[in-house]
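Each chain, written out:
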Amino acid sequence: MRQRLLERRGILIGAAVIVLLALFPLSGAQSWIVNIGIFTLMYAALGSAWNLIGGYTGYVSLGSVAFFGLGAYSLALTFQHVGVGDGFLPFALVPVIGIAVALISLPLGFIAFRTRGLPFIIVTISLVIILQYCALNLTAVTGGAPGLQVPQAPFPPGTYEEYFYWAMLTVFAVTLLACAYVKRSRLGLMMFAVREDEDKARGLGVATAVPKFAAFAGSAAFSAMAGAVWAYYLTTVYPQFAFDGEFLAMGIILVAYLGGIGTLWGPFVGALILTPAQQYFAYSLGGNQFYLVAYAAVFVAVMLFLPRGVVTTIGDRALRRHRRRISALEENGRQAEAVGDVAATG
Amino acid sequence: MLTRTPLVRTTLLAALVVGMAACGTPAPTGSGGGSSSPLTVGISVSLTGDFSNTGKAAQLGYQLWADQVNAKGGILGRKVQLSFADDASSPTQVVTNYQNFITRDKVDLVFGPYSSLLTLAAAKVANRYGYSFVEGAGNGPSVFAAHLPNLIDAGPATAINGAQVWGDYILSLPQSQRPKTAAYPSLDDPFSAPTADALQKRFEAAGIQTVYSATYPAETTSLGGVIAKVASTNPDMVVSGSQDADGWAQVQAMIQQKFNPRFLFMTNGPENPVDFPKNVGLPNTEGVFTSDVWTYSAPIPGNQAFVKAYLAKYGGAPGDIDSTSAETYAVGQLIEAVAAKTGKIDNQTIISTLHQGSYQTVVGEISVDQYGAPKGTQFLEEWIGGKLTIVYPGNIAEHAPVVPKPTWP
Amino acid sequence: MHLLIQAIILGVLTGGLYALMTSGLTLTFGTMRIINMAQGVFVVVGAYIAFTLFNYLHIDPFLSILISTPLMFGLGVTLQTFLLRPIRYDAHRLSLLMTWAMAIGIEGILSIFYGTDFRGIITSYQNTSVTVLGYQFPLVRVLAFALSVAVLIGMWLLLSRTKFGRAVRAVSQRESAAKLLGVNTDRTAALAFGVGAATAGAAGAMFGLVSSFDPASHYDLIGRLLAICVLGGLGSNAGAITGAVLLALSESLVQAEFSPAWSSLPFYILLVIVLIARPQGLFGVRSRGAI
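Protein chains in written order, with this note's numbering: chain H, 7 to 352; chain Y, 14 to 422; chain P, 28 to 318.
Chain H with its partners taken away, still in its complex shape:
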């Protein structure tokens, strides 16, 4: 009963946050802030999608970027070959791209899941490199190095960013919802079992392939959706940016770590702290080369001092305080009882 009440409260709070976020562009925020909002939500969505595989099943994947890139290219290619109109229509394509990329991810997952642990990480890096290779060299399809151009949406300036913001918010909200659902479901339990000890889980009769592939495909779908919106917003898709196995790949994981891997809201919190700061500093440090060093310093600081993430760390600290308070109360109670006993006997 109490559990259900709390669960409902969690849903309400989550919904309230999403609504607040949705109202944000209408609060008179200028275009440049909404622009940063788009990238923040993109990292939040990508971080949450990564969390599904990296946080829940413990399979650290750098492959999110591969699916992000596939999503971006899918959108650009559809524009090129089919013509989806402009304006809002391309947004309708985003969920379709998500499903398509999820299907593509299954055979790739089959190869990747031949390995575990560190080799799995490297295999997923290789996946990004191979896809970038294909994007560069399958010139007839992908346009090769000159990339693909997406026509600019005919939204008026001033509100232009808002539509992309809401599209990215939707991708994030869907990702979050999926994570929340998975966390509370049997599937989630299976994922956690894989994370704790895959061999033991299998020994106990858990069909470990199910949670692994579900997490992999789900992660792929949400990453691809973020990639599609990104491509439409930027209007240019180049192999080295769509399949960026370096900054984007590591940025996603950093966001998840900073917030707290395995927690529902961690990647969002991480993105909220990191993305605006990163975007803002690269802009305002006035064009000197210290940006890279500063970015590295943030990484190091997070790893050394906050390796379990903001959400987890604050949560634990509060939990300890809570426990202390309870034990203090119990202690008081016991003393009171004792006093009462004494009084009664006395």
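Please keep in mind that the hints were generated in silico from the structure rather than gathered at the bench.
Here the structure is a predicted model, which is why all the values come from computation and not from measurement.
Don't be surprised by glycine CBs; every beta carbon is placed ideally from N, CA and C.
Incorrect hints may appear among the rest.
What the hints assert, rightly or not - Partial list, derived from the structure: chain P residues whose beta carbon lies under 7 Å from chain Y: (1) Q33; (2) A34; (3) D247.
Unchecked claim - Part of the chain Y face toward chain P, derived, beta carbon under 8 Å: (4) T61; (5) A227; (6) Y229; (7) P230; (8) S235; (9) G238; (10) K242; (11) A262; (12) Q269; (13) D288.
To be verified - So these bits of chain Y aren't anywhere near chain H, every CB distance computed over 10 Å: (14) K92; (15) D181; (16) R215; (17) Y225; (18) N297; (19) S310; (20) H368; (21) E378; (22) D382; (23) A410.
Could you slot chains Y and P onto chain H? The hints should help.
Relative to chain H, chains Y and P alone:
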């Protein structure tokens, strides 16, 4: 888990507040456009990451221009104020930077970024807000294929047209002296490969047989295999669609494999008067051709003054000046020309003015078509006697072309 | 046929250098169970040290490695002690980000000091090549190959004949048991990371001799090195050498015989096939559940 929920909320709220506060700091009020207020210009350059090679040189050229203009009292009485941002070679960051310049800081003008692949994403942001977009880095075909009304390339030639000077020269030779066979190894990027391609088509039409044509990816660290293959086909002429380091690697591999074509033309690489001889060895530069828009000795009006001012400000030798600095300087000169011609300086005037007529800059006469593609061509240079020398077209040539290429020493 | 053999010669010579670069990665994986994303940038640092010593003090790169390898060893030990030791409780995952942070941080520092222009170490014998039976052997590549082989043999001796080597092997086989036997695992890890960085320093000097580099060169390098490791089997030296030669050879052959655009693809196809058929890599052993 249960106890954590309200805490998550607190964290969230705190983070939201912090995030919004960080974003919501009041922006400095944009210059209203009054005649005495400074003319603010926003420029994103790649100072870190994959494309950071030319970012610094771009900054030097822009800054030199601004200092000179300000010493003369500014543009129409307004001091020029440049602000630079690092885009870390990332398209996401470049969009943010131009968004911030335009909608946060409300700069008067923006100039193009100094990474070619970032040009389009940035130009489209500027276009959305009706900003002109004068740039010096993106001159590949895909940039102009986007048909942007606000984009103006400040180079005198597109990548493809620029290198046509090599075609002009070869086809000006009598049939008997022309190469019979040619090889085209080129870098797979939006500029080099299309350029080599265009030359290949032209030469094929003129009856020069193609014996090898292939692109190699940017991350190819060793070009030994490519050159081994080129050497095995033994072409009279090699047309390299090279960029910089890969061009040096090609030359090194040719020397190491003792392969000496009669004609060697490289789209990029040898035009750098410092790095090229440093990396392939000065004696080995002899007889290598390239095309360029600018060199410190080019007989272009105003060029000597530019070189002098550059050296006075930054020091060094004339040969140290990167042509990127001259190109960015030319971007500024175009803006100056618009002000001089119209007496106004706003984005609409810049767009409409620069699309007509031609303008003299340190990189030559600039005139562009409706999509900002420059109509001019480059000049042909050859390394002769250890010096980069203009050899074609004849009216500006410092020396006649020396062919065939001498064997590697 | 001539072309084929020429391509094989060039491929094998390049492969030796890749093997040296990868050996450090293998060593740190073996002893610390971490993927060192900074191995590429260590190579680049090695190249810059050799570049500096050559340009300012005119010390030949083959001599300057006597200076650069101890420096790199010190850098490696320092970084391990201050940045990796504190996170060893979850090294498996945290080290990925930590070593990545080292990589971009060092890249940033290099670009502040050296700028971002391409550099090259241009010696007098830069373009010399030896002709044997009509085939060209570029001297720098032959020398770089010879040095790589020498360092690899040295590494092998270090690991098989010394106390440090025994400790490394003990730790890589079973860390808890090694601890019980009195091996100082922290010290072994720091030394191993230092040795890994030192080999990268030597490899970097050679890398600077055979190709141009800038601070951002490490991105391309690390991708290749990781792929070589997985193909050969993580932690296996024989695997690293085989993987490196296979990569360089296939690149060189495809470049020459087919198309340079697809030069790395056969390697990656091979990688996928190996992963499906033998996930632990060509020489990897599937001992622990943890891998």
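Hints versus structure:
1. Q33: OK, holds: P/Q33 within 7 Å of chain Y, min 5 Å.
2. A34: It holds, given that the least Cβ distance between P/A34 and chain Y is near 5 Å, below 7 Å.
3. D247: Check passed: Cβ of P/D247 comes within 4 Å of chain Y, closer than 7 Å.
4. T61: holds, 6 Å
5. A227: Since the shortest Cβ distance to chain P is 5 Å, the answer is holds.
6. Y229: holds, 4 Å
7. P230: holds, 6 Å
8. S235: holds, 5 Å
9. G238: Since chain P brings a Cβ to about 3 Å from Y/G238, closer than 8 Å, the hint holds.
10. K242: OK, holds: Y/K242 within 8 Å of chain P, min 4 Å.
11. A262: Y/A262 check passes; min Cβ-Cβ to chain P is 6 Å, inside 8 Å.
12. Q269: Where the cut-off is 8 Å and the nearest Cβ of chain P is about 4 Å from Y/Q269, the hint holds.
13. D288: Check passed: Cβ of Y/D288 comes within 7 Å of chain P, closer than 8 Å.
14. K92: holds, 18 Å
15. D181: holds, 25 Å
16. R215: Holds, because the least Cβ-Cβ distance between Y/R215 and chain H comes to about 20 Å, which exceeds 10 Å.
17. Y225: holds, 18 Å
18. N297: Correct as stated: the minimum Cβ-Cβ distance to chain H is 29 Å, above 10 Å.
19. S310: Non-interface label on Y/S310 holds, nearest chain H Cβ at 30 Å vs cutoff 10 Å.
20. H368: holds, 20 Å
21. E378: holds, 28 Å
22. D382: holds, 18 Å
23. A410: holds, 33 Å
Comparing the model with each numbered hint stated earlier shows that all of them hold.
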